[in-house]
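Once you've looked at the hints, dock chains P, Y and B against the given chain A.
Chains as they are written, first to last, in this note's numbering: chain A, 1 to 245; chain P, 1 to 245; chain Y, 1 to 245; chain B, 1 to 245.
Keep in mind that the hints were calculated from the coordinates and are not lab data.
If you're wondering where the values come from, they're calculated on a predicted model, not measured in any experiment.
The reader is advised that the hints may include incorrect statements.
The list cannot tell twin chains apart, which means a pair is met if one copy fits it or any two copies do.
Straight line, CA to CA, 30 Å or less: simulated DSSO-like cross-link-like pairs of lysine-lysine [what the hints assert, rightly or not]:
{"hint": "1", "residue 1": "Lys183", "residue 2": "Lys201"}
{"hint": "2", "residue 1": "Lys117", "residue 2": "Lys66"}
{"hint": "3", "residue 1": "Lys125", "residue 2": "Lys201"}
{"hint": "4", "residue 1": "Lys66", "residue 2": "Lys201"}
There are 4 protein chains.
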Amino acid sequence: MRKAGLLLGGCVRSWKSVRMASSGVARRDLLANKVALVTASTDGIGLAIARRLAQDGAHVVVSSRKQQNVDRAVAALQGEGLSVTGTVCHVGKAEDRERLVTTILGINVKAMALMTKAVVPEMEKRGGGSVVIVASIAAYTPFPGLGPYNVSKTALLGLGKNLAMELAQSNIRVNCLAPGIIKTNFSQVLWMDEAREESLKEMLRIKRLGVPEDCAGIVSFLCSEDASYITGETVTVAGGAPSRL
Amino acid sequence: MRKAGLLLGGCVRSWKSVRMASSGVARRDLLANKVALVTASTDGIGLAIARRLAQDGAHVVVSSRKQQNVDRAVAALQGEGLSVTGTVCHVGKAEDRERLVTTILGINVKAMALMTKAVVPEMEKRGGGSVVIVASIAAYTPFPGLGPYNVSKTALLGLGKNLAMELAQSNIRVNCLAPGIIKTNFSQVLWMDEAREESLKEMLRIKRLGVPEDCAGIVSFLCSEDASYITGETVTVAGGAPSRL
Amino acid sequence: MRKAGLLLGGCVRSWKSVRMASSGVARRDLLANKVALVTASTDGIGLAIARRLAQDGAHVVVSSRKQQNVDRAVAALQGEGLSVTGTVCHVGKAEDRERLVTTILGINVKAMALMTKAVVPEMEKRGGGSVVIVASIAAYTPFPGLGPYNVSKTALLGLGKNLAMELAQSNIRVNCLAPGIIKTNFSQVLWMDEAREESLKEMLRIKRLGVPEDCAGIVSFLCSEDASYITGETVTVAGGAPSRL
Amino acid sequence: MRKAGLLLGGCVRSWKSVRMASSGVARRDLLANKVALVTASTDGIGLAIARRLAQDGAHVVVSSRKQQNVDRAVAALQGEGLSVTGTVCHVGKAEDRERLVTTILGINVKAMALMTKAVVPEMEKRGGGSVVIVASIAAYTPFPGLGPYNVSKTALLGLGKNLAMELAQSNIRVNCLAPGIIKTNFSQVLWMDEAREESLKEMLRIKRLGVPEDCAGIVSFLCSEDASYITGETVTVAGGAPSRL
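Okay, chain A solo, but in the shape it has when bound (with noise of 0.2 Å):
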């Protein structure tokens, strides 16, 4: 279970204007001249992922709703001598936002359909680029309790494949991340007492919860030129818990 917010791993390729100054750190080359606009990456898996991306190279935007947290990842990720900056994230007019975040449905499948519609344009200008949406094994699987939730993260495969499809012709690819149960704030009323914790390892092949780290080298790859021939499909980072075929 993660933040009831999207991820939007859209890697533009070469959006020079916005790199920053050279830094200290060796970086692997994988996502060099890339920009990656990460949302809700202030903690947790979309930190993660923000972190890996800049790693490989990418200049990557961080973005929240709050202000605050979007400074303080910032200043994190720059600590790390990483190439990063921060905006608050808009969702299209604030009286529509209103209403969207009104519904975790609105939040998880509209607000992620209207950004990636937002980012198009820019992605075209530069002859391509690459989304990957951030879903949830529970959109397999549902978690007890959680029907919005798990609903929309299943409406999201739905968009992936949609998406995948329109923007095929603009050299956009699409494909979804299905995380399994990992470690962050937001999860934690599912293992914070040790029973339940163990009685969700056992439905796991790897005896471990997951980290947030676990979920964003492969985010990294989809953003990356080794998976152009890949789009329209969902990894599950789950430890083996049942998903499907």
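Coordinates of chains P, Y and B only, in the frame set by chain A:
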């Protein structure tokens, strides 16, 4: 592709008070003493399902948003000697509904969830029931140009999984039907020129488009006692079009 | 878990020559004038399916590898007034069969493919037919300690897709059934100690293990005209255990 | 469609004894100190994967059934400065192998299972490893005319799930790759006339057939530490062809 409405094949046991006087037609007893509420059932797939459930012995409540459509369908089915009454469908309060209908996602997912919740107490009183949600094969492989429709159908698959989990303790089973391309007014745009129809057929194993009646038998089956160990599943009725393993 | 045998619910139209004299029981006409060959049908799920198909009006040919088991099942079903005959199942020549039975993969997949091919000419002569392959939920989520069984069940899902494609032109539909944990002699090891049965039930939505009869209605349905637009699909009968979207 | 062989991307940690002397090419360190055994790797997808794993820092053991093919591939890769050795693949004893190769199902499924079991002790000694099985999109949607091939690929998806379950305790992860239509000698029949290639492309979102290199990056990723929470999953590399949700 079918009407952006919903189908709720909620078969409630022995809701005797609304049974009509017996009719002259011979009926199988599969759904005897059950009441079926079928939404969006004044034409196309919904109407075929309503007719079939009534032929199989249920008392059927036909429902739609327009009074005149309801009246026409009820008259037609009663003319066939079937036990049918009608109601105009209200999804919550008018103002809520207004907001809901602003989006297909709202219509298809939230309304379905609300409708189900609304009939649950009635089903519980009778000791259980069965819900069949009409999704679409577009939930798996999107129809071009119909993004919100497609995504809402994917979301319905998730809704089915969630309701199956939540309602099992009330002895209510929840399953989905995923029709392929069925010849209805609603899907007309997909098949009305012949070349297009031919190209659609090429993706099918069975070389014809479906008809609404193709969807009716499985709904009756899923509402019957024969399906008492089936919940949380989706049955695809699509002439062998690619769906999933 | 069920017997490593096969089920072939091939309903052939009006194979009148083998119909037995009419019996006293009242029957529904769903499968009137059809002949059903049910393999591995002398107990458990296969027997329940054979009984149901006969009750629904088909003439049923019960089959198994041992003469005495066939005789016992035929006698029992005839004693219920059903139209049933028996045959010992030969999968090709004896020496081929020997080699086949050396592996579960062989038994479950190749034998199923060979059997189907063997009955196809008969079905074609009658204008079409229906095949139902009994796979298992273990095809999606493996049962511990039963690797070859599990893999063979996954392979059967693929076989169903392939046969559906190949046989559609002969008007033969092919579908799969994926039972969950059904109480049979074969699955005994999974549920015979009570603690184990309880832990199994926890993964289910419907809090009981299945019985063979839970699998019978859907096979009858899939063999009937009501399913004439359903091919290449799998229906899971598993009390809501996690399977797939 | 690809060679009816297998790929075993078993990356074993620090099998130093077989490391070759360092070469002149700059390498990323993703797979440093790992040994990769790649079966059926003397051309096509297998060769592309072998090359990529070596470029990413692994020592690669190229393997195939014919000595001369192995020699040629080893020479080519060593000529690129990569750390590669070769071996002719023996699946068990000769007589067993004879029987195995009589069927594609045998080759693709049993041989894969046997190979994996054979390398497990080696991986266990080193504390863990990673296996990548090359299935095919034909596992989900069969290629016409290739029944046994298709079914064997579906079976491989099940094998992946089973091995993931069985080997997790040995810290060995097992995943599948499902390539779409990749331009290789083996798949030539599918695309060599231009009209056919065009019609294939119509089912894709990305309007080109794949090349072997499209499959290489994901295998390297799945063998790396970045994928340490991914097991029992299948990644489809198929240009957006319909697969599954």
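Hint-by-hint comparison with the structure:
Within a single copy, Lys183 and Lys201 get their C-alpha atoms as close as 12 Å, and across copies as close as 27 Å, so both meet the 30 Å cut-off. Proximity of Lys117 to Lys66 under the C-alpha cut-off of 30 Å is restricted to the intra-copy arrangement: shortest distance 22 Å within a copy versus 35 Å between copies. In the homo-oligomer, the alpha carbons of Lys125 and Lys201 lie at most 30 Å apart only across protomers (25 Å), although the nearest pairing inside one protomer, at 46 Å, exceeds that limit. For the identical chains of this complex, Lys66 and Lys201 are neighbours neither inside a copy (34 Å) nor across copies (44 Å), given an alpha-carbon limit of 30 Å.
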